[in-house]
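S.K.: With the working numbering as the guide, the letters of the sequence shown map in order to residues -3 to 195.
Rather than coming from a laboratory, the hints here were simulated on the basis of the structure.
Where hints are given, some of them may not hold.
Said to hold, decoys possible - Straight line, CA to CA, 27 Å or less: simulated DSSO-like cross-link-like pairs of lysine-lysine: (1) Lys23 with Lys192; (2) Lys23 with Lys7; (3) Lys7 with Lys192; (4) Lys7 with Lys100; (5) Lys58 with Lys148; (6) Lys58 with Lys23; (7) Lys23 with Lys148; (8) Lys7 with Lys63.
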Amino acid sequence: MNYIAHLHLAKHTQTSLVGNFLGDFVKGSAFADFPLNIQLGVRLHRQIDTFTDSHPRVVALKQDFPKPIRRYAGIAIDVYFDHLLLQHWQQFSAPELPMHTLFKQFYRDLEQLNYEVSPHFTRVRAGLISHQWLADYENLSACLRAMQTIEKRFSRPTQFAQQAMGYINENDSELRQSFLHFYPDLLRHSELFVSKLIK
């Protein structure tokens, strides 16, 4: 899953927002010196990724993507599921947790983080704090921009964003239904994982 789902699941399980965010940027056991609450967030992030990648609904969706871009299907699904989460926010969130309240807390926590993780993390952190663009995922155009940004990070010239968005637009109903079946499973799995870790 992408940034927004990780933050939502962090709040849902009462774990560290920045810890769950850091899961994309720390390798191996490089987070062992972080405070325990951040370590728990990183562990949850990794568990979320593992669960998502192996979930039957997600596996089936990846297989349905056009063959030329199938290897990037996981990226496209992650990005689009963030968009769908924002569209269905009230279904999966307590009334007292508007998305903007969560994002505001995350930006504040991220600004107060004093750890140097990697140059890539430093750039993403600065961009998030300066532009606060997470809410942009409510708009479908932000999904395309996100995938185009990811394209530029590959060492070899890579183009999948336009074709992926075309496929998503044509198959929105199936993708949306799969998300609505999958996300409650992920919520329950995250709760169980954290409960076992904090015993």
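S.K.: Now, for every hint given, state plainly whether the structure supports it.
M.R.: Results for each hint:
no.: 1; hint: Lys23 with Lys192; verdict: 23 Å, holds
no.: 2; hint: Lys23 with Lys7; verdict: 23 Å, holds
no.: 3; hint: Lys7 with Lys192; verdict: 17 Å, holds
no.: 4; hint: Lys7 with Lys100; verdict: 13 Å, holds
no.: 5; hint: Lys58 with Lys148; verdict: 22 Å, holds
no.: 6; hint: Lys58 with Lys23; verdict: 25 Å, holds
no.: 7; hint: Lys23 with Lys148; verdict: 21 Å, holds
no.: 8; hint: Lys7 with Lys63; verdict: 36 Å, violated
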